[in-house]
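Here the protein sequences line up with chains H and L, keeping their order.
Heads up: the first sequence at position 163 corresponds to 163 in our numbering, and the numbers run straight through without jumps.
Heads up: the second sequence at position 123 corresponds to 123 in our numbering, and the numbers run straight through without jumps.
In short, the hints are calculated from the structure, not lab data.
A few of these clues could be false.
As the list makes no split between identical chains, a pair holds if one copy fits it or if it spans any two.
Unchecked claim - With a straight-line cut-off of 16 Å between C-alpha atoms, the simulated EDC-like cross-links for lysine to aspartate or glutamate are:
hint, residue 1, residue 2
1, Lys146, Glu107
2, Lys146, Glu126
3, Lys168, Glu126
4, Lys168, Glu156
5, Lys146, Asp42
6, Lys168, Asp114
7, Lys168, Asp145
8, Lys146, Asp114
9, Lys168, Asp51
2 protein chains.
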Amino acid sequence: MSPPALCLTARLGFRQTVQHGERNDPPGGCFRSGRYHRLLADDELGRSREDVSIPLNSNYVAAFHAIQADPHQLLVVAVHREHVVGTLQLSFIPGLSRLGSWRGQIEAVRITADHRRIGLGRNLVEWAIAQCRERGCQLVQLTTDKRRLDARRFYERLGFVATHEGYKLLL
Amino acid sequence: MSPPALCLTARLGFRQTVQHGERNDPPGGCFRSGRYHRLLADDELGRSREDVSIPLNSNYVAAFHAIQADPHQLLVVAVHREHVVGTLQLSFIPGLSRLGSWRGQIEAVRITADHRRIGLGRNLVEWAIAQCRERGCQLVQLTTDKRRLDARRFYERLGFVATHEGYKLLL
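Chain H with its partners taken away, still in its complex shape (with noise of 0.2 Å):
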């Protein structure tokens, strides 16, 4: 199989992409018919979180309406034959601490199980690096389940490290 090409970023980027007018536009399209959010159910935590039926649950389609509006927040596909094989979300966020710099925050890197450890992982989250770099950021972060040992491993290899504590509350 030869490896999945990574979309341009001009077509990577959902926002860019509708900017752009392209009525066929990939992700739109993977995401209208479902085939984003089984991707992010084909997974053994995401299994038990996401819907895959047809219609899309009105939830998806508001949050991706969200997405889209803002202008830091990219929501990225990595597409192999008309297929997604790829996702990853990148924020950009403001703050005062550390000479006032902004981060870029990495969510929802998910790879179809048939597309792993070929590279594809490690050039979408170095794609998102780089943009960070182009905005000015100073620092990217990620939380990762802990219970996801390949995921930790994969992060380490490209150079993140694991100072943090990463806590969560369900509302």
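Got chain H; can you put chain L on it based on the hints?
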């Protein structure tokens, strides 16, 4: 010493305060006088990372304006007798995972040394959690440096669970 009153919601946010057009707003005033980021530096980890010189480092001014302009960022201060004694930043992040749920993210929690252990931090964080509920977030998250043992106990008492590793990459 009487406990400092937590500012009313309407006065807490830089953004709200500015919207209300108050010229003497304590948060904005605290920021412009340099008192806000002196608080960020009043800490074993912050000391080496911040610049407390006056006039303000222009990076802080740019960051302040970026936060002020973003409706998904709330930067709040607790004021006691005209002094800033606590701060917290709350970011609202949309996402497709977990059924398209919003999450609230807490950053930059700081309490001055002479106002700790009187429940002020708890008040600030509980205020933030209430804001998250009000906006329909399903989750509140934060990371804290593993070396901050007091902070870890503090968040655990508030119900946060350290299910995640918090990774950082300095650029």
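Against the structure, the hints:
no.	hint	result
1	Lys146 x Glu107	within (15 Å within a copy, 21 Å between copies)
2	Lys146 x Glu126	neither (22 Å within a copy, 26 Å between copies)
3	Lys168 x Glu126	between (26 Å within a copy, 14 Å between copies)
4	Lys168 x Glu156	between (21 Å within a copy, 10 Å between copies)
5	Lys146 x Asp42	neither (18 Å within a copy, 31 Å between copies)
6	Lys168 x Asp114	neither (30 Å within a copy, 28 Å between copies)
7	Lys168 x Asp145	both (10 Å within a copy, 15 Å between copies)
8	Lys146 x Asp114	neither (23 Å within a copy, 35 Å between copies)
9	Lys168 x Asp51	neither (22 Å within a copy, 31 Å between copies)
When held up to the earlier numbered hints, the structure conflicts with 2, 5, 6, 8 and 9 and fits the remainder.
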